[in-house]
Amino acid sequence: MPYFPNSDNKTAAIQLNNISLTRGKQAVLKQLTLEIPAGQWVALAGCNGSGKSSLARLINGLLQAEQGEIVIHGKRLHSEHFFDIRSQIGYLFASPDDQFFGLTVRDDIAFGLENLALARELIEQRIEHYAQLLGLIPLLDRHPATLSGGQKQRAALAAVLAMEPSILILDEATSMLDSSFRDDFLTLLTQLNREQQLTIITISHDIKELAAADRLIMLHDGTVLADGKPDVLLKRQHLLNTCRLEAPYALQLCRELKLHGIDIGESLDEQEVLSKLWALLSSKSLTATRSSR
Amino acid sequence: MGITFEQVSYSYKELALKHQLALDHINLSVKSSQFITIVGAPGSGKSTLLQHLNGLLRADHGTIHLLDMVVSPSPAKLPKQLSQRVGLVFQYAEQQLFKQTVWEDLLYGPLNFEVSKAEAESAALAAAEFMGLDEAVLAKSPYELSSGQIRKAAIAAVLAAKPEIIVLDEPTASLDAASRGELMGLLHRQCSEQQRTVIVVTHALEDVLPYTNQIIALHKGSVLFSGAPHELMLRIDVLEAAGLQMPAAYHFYFSLEQQLGLDLSKLQYYPSAPQLAAAIKAALDGLN
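These protein sequence lines are chains V and S, in that order.
With my numbering, letter number 152 in the first sequence gets 349, and the count goes up by one each step, no holes.
With my numbering, letter number 258 in the second sequence gets 477, and the count goes up by one each step, no holes.
Be careful, since some hints might not be right.
Only pairs whose alpha carbons sit at most 27 Å apart, straight line, appear in this in silico DSSO-like list of lysine-lysine [claimed, not checked]:
1) K336(S) <-> K318(S)
2) K222(V) <-> K359(S)
3) K359(S) <-> K227(V)
4) K455(V) <-> K500(S)
5) K473(V) <-> K426(V)
6) K318(S) <-> K222(V)
7) K473(V) <-> K439(S)
8) K232(S) <-> K296(S)
9) K455(V) <-> K426(V)
10) K455(V) <-> K432(V)
11) K481(V) <-> K500(S)
12) K381(S) <-> K299(S)
13) K318(S) <-> K381(S)
14) K227(V) <-> K272(V)
15) K381(S) <-> K336(S)
16) K455(V) <-> K227(V)
17) K455(V) <-> K405(V)
18) K500(S) <-> K432(V)
19) K250(S) <-> K439(S)
20) K481(V) <-> K455(V)
21) K336(S) <-> K299(S)
These stretches of chain V come out as covered by chain S in the derived footprint (C-beta under 8 Å, 3 or more residues) [to be verified]:
22) 345 to 352
23) 364 to 373
24) 439 to 453
Read the hints as simulated data drawn from the structure, not as lab findings.
Since this is a predicted model, take the numbers as computed values, not measurements.
Note that CB positions come from ideal geometry on N, CA and C, so glycine has one too.
Produce the complete structure using the sequences and hints provided.
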């Protein structure tokens, strides 16, 4: 059963009807049907080569399906609406080098905005705002080639977010961010998703990133393997195995403890597991103190 | 005979950069045949340092000793064979492959270093086998591969030239968890079985912790920390400066350490979930 947490919101941002795609002789996607409501945050998971990136590229028209229909905000994705649709979709690749062409980070953020034919003043405002959000102010006048991998990813994120798309697709786009900034970035995405009803599709192998989404779609071999709430699916070991994901440490610990006859339930959340362990240890030590008296 | 950096400094001169020191009097020493990890916040100099290891960048000042080779600032000549003895896998491995097929890419390195065709083929085959690339993959164009396969192919292409030092920049970025573990295990075997030195730049500490001997943290072009993994975990200041979070295993470990009366030295390097669960069980039994 597909899972739609915002089911009162009937508008679909993205509809895929019976999509098939082959590359060479290999079927990449097999008769895939999916609906993503506006404002939903969907995480796509699957092992390398499962069809995740191809699916994302179909949605913004970088690839064309041999069969089936793609509808974005009620409009069919074909030549007539192509540019209209593309301007609503922000797409970020794993490798940010492929999307830089300006001489400075500022130019790069401005480029997309100029293409949207925004007023100069508004462009400046947006650059400031998004550079601030992503901690890029000190880097605005640097040449993109002189930035480190993580800094480039931040700059590319700012350029895409500044265009204020209604759909944001992140294809492994946080793979080089350091872990503390990645947390800030997830918080920022949550904020954009909740406050501006931004539809988000994240492709990732990172459990934390997958768990942050409203809905998790696991792809395998070009078909949907599972579709549901992240905290439910991420506890199913066979799904983790098929998608070549590693169970989070907190969950591994819960399971190891159960093997020792200590059942604290299953959770993906470190803090929750720690609290349970603390409670368990302190109640035991209390009983131990009492019985020794 | 390992790798040492003596007072090595480098600044980017081109473009909009204002002669900022990317490497600021770096002193470093690592042993050969070890698995070395370099961490640091974006812009701390990690990639710059790596590129000094095979002469892609030349230091402004200071000396680098690599095995029995000495790299001095230009105009001194680079040691012969430097680029063969030190293999570099870039951040975006896919940009390193440019031939029609993966097989041709694997042959390119050895042939370029003037070995015979037969030798090149046997080296390429050994590297492909080691990385688990089968014939079907070797016959493909690099563009037909998935991201995990591309990464493996790029590493195999570097291994085929039989370098003594293998340097990799963010090798696990965008790989799935199983591929990440597999790749790190393979690299570790390069140290333990082939006595090669592996140097990895990463921000994914979890990936390297079970394997690495030494971690070096850079901060603003200087060495902030150099030591064993468990020593790094005691340095919250370094983790913060490097933009790293304490891996879950250590977070649990330190949070429960006092209640459980744990001793880090007894848990070896990396407190795995089974080890920690056993320690919790033992502590609870002790209380009963």
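So, going through the hints one by one against the coordinates:
1. K336(S) <-> K318(S): 17 Å, holds
2. K222(V) <-> K359(S): Measuring from Cα to Cα gives roughly 12 Å; hence the hint holds.
3. K359(S) <-> K227(V): Given that 27 Å is the threshold and the Cα spacing comes to 22 Å, the pair holds.
4. K455(V) <-> K500(S): 10 Å, holds
5. K473(V) <-> K426(V): Given pair K473(V), K426(V) holds - Cα atoms ~23 Å apart, limit 27 Å.
6. K318(S) <-> K222(V): With a Cα-Cα distance of about 21 Å, the restraint between K318(S) and K222(V) holds, given a limit of 27 Å.
7. K473(V) <-> K439(S): 40 Å, violated
8. K232(S) <-> K296(S): With a Cα-Cα distance of about 21 Å, the restraint between K232(S) and K296(S) holds, given a limit of 27 Å.
9. K455(V) <-> K426(V): 24 Å, holds
10. K455(V) <-> K432(V): The given pair, whose Cα atoms are some 15 Å apart, holds under the 27 Å limit.
11. K481(V) <-> K500(S): 12 Å, holds
12. K381(S) <-> K299(S): Given that 27 Å is the threshold and the Cα spacing comes to 15 Å, the pair holds.
13. K318(S) <-> K381(S): 20 Å, holds
14. K227(V) <-> K272(V): OK: K227(V) and K272(V) at ~23 Å, within 27 Å.
15. K381(S) <-> K336(S): With Cα atoms ~15 Å apart, K381(S) and K336(S) stay inside 27 Å; holds.
16. K455(V) <-> K227(V): It is violated: about 39 Å lies between the C-alpha atoms, which goes past 27 Å.
17. K455(V) <-> K405(V): Roughly 23 Å separates the two Cα atoms, so the pair holds.
18. K500(S) <-> K432(V): 23 Å, holds
19. K250(S) <-> K439(S): Within the cut-off at roughly 24 Å; holds.
20. K481(V) <-> K455(V): 17 Å, holds
21. K336(S) <-> K299(S): With a Cα-Cα distance of about 21 Å, the restraint between K336(S) and K299(S) holds, given a limit of 27 Å.
22. 345 to 352: holds (count 5)
23. 364 to 373: That given contact holds, which follows from 3 residues of the region 364 to 373 of chain V lying within Cβ reach (below 8 Å) of chain S.
24. 439 to 453: Since three or more residues must qualify, the claim that chain S covers the region 439 to 453 of chain V holds, with 11 doing so at under 8 Å.
Checked against the numbered hints given earlier, this structure breaks hints 7 and 16; the rest are met.
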